[in-house]
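Model the full assembly from the supplied sequences, consistent with the hints where possible.
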Amino acid sequence: MPIKELQEARNIRVGIKQSTRALMEDRVLKVFIAENADQHVIRRIVEMAQGKHVEIIRVPTMRDIGQACQIDVGAATAVIIKD
Numbered sequence: 742m743p744i745k746e747l748q749e750a751r752n753i754r755v756g757i758k759q760s761t762r763a764l765m766e767d768r769v770l771k772v773f774i775a776e777n778a779d780q781h782v783i784r785r786i787v788e789m790a791q792g793k794h795v796e797i798i799r800v801p802t803m804r805d806i807g808q809a810c811q812i813d814v815g816a817a818t819a820v821i822i823k824d
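By our numbering, the letter at position 71 of the sequence shown is numbered 812, and the numbering carries on one by one without gaps.
Rather than coming from a laboratory, the hints here were simulated on the basis of the structure.
Fair warning: this is a prediction, and the values are worked out from it, not measured in the lab.
Glycine included, every Cβ here is placed at the ideal spot set by N, Cα and C.
Check each hint, because a few of them may be wrong.
With a cut-off of at most 27 Å between alpha-carbon atoms, the simulated DSS-like pairs for lysine-lysine come out as follows [as the list claims (entries may be wrong)]:
(1) LYS745 <-> LYS758
(2) LYS758 <-> LYS793
(3) LYS771 <-> LYS758
(4) LYS823 <-> LYS793
Label-pair restraints from in silico Cβ distances [what the hints assert, rightly or not]:
(5) ASP824 <-> HIS781: 28 to 38 Å
(6) ASP813 <-> GLY792: 24 to 34 Å
(7) GLY792 <-> LYS758: 25 to 35 Å
(8) GLN759 <-> ARG804: 25 to 35 Å
What follows is the structure in structure tokens.
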């Protein structure tokens, strides 16, 4: 299950702002995006990831991403950072 990779990752960033910043700095290995997030919120992340040829992994819910990142709220996006 792809979400397990996010759970086990040592270096992650959670949320739109942190994911965007990491993508702009070319530091991202994989992007996790919640399918139930508002499309206008995640559109820029998707476009940036595609433009930089970063793998995008779709996760069913924002809650799934939040739980995988061990936070108490849902998150629209999370990224695994290059070491």
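Outcome of range test on Cβ distance (ASP824, HIS781; 28 to 38 Å):
32 Å, holds
Verify the proposed pairing of LYS758 with LYS793, using a straight-line Cα cut of 27 Å.
Distance ~17 Å between LYS758 and LYS793 Cα, so the pair holds.
Taking the Cβ atom of ASP813 and the Cβ atom of GLY792, is their distance within the range 24 to 34 Å?
Between ASP813 and GLY792, where Cβ atoms are some 32 Å apart, the hint holds.
Run the distance test for LYS771 versus LYS758: straight-line Cα separation, threshold 27 Å.
With Cα atoms ~16 Å apart, LYS771 and LYS758 stay inside 27 Å; holds.
Regarding GLY792 and LYS758, is the given constraint of 25 to 35 Å on their beta-carbon distance met?
18 Å, violated
Does the alpha-carbon distance linking LYS823 and LYS793 stay inside the 27 Å limit?
14 Å, holds
Is LYS745 within 27 Å of LYS758, Cα to Cα?
Holds, because 23 Å separates the two Cα atoms, which is no more than 27 Å.
Is it true that GLN759 and ARG804 lie within 25 to 35 Å of each other by Cβ?
The hint (25 to 35 Å, Cβ to Cβ) is violated, given that GLN759 and ARG804 are roughly 18 Å apart.
Checked against the numbered hints above, the structure violates hints 7, 8; every other hint is satisfied.
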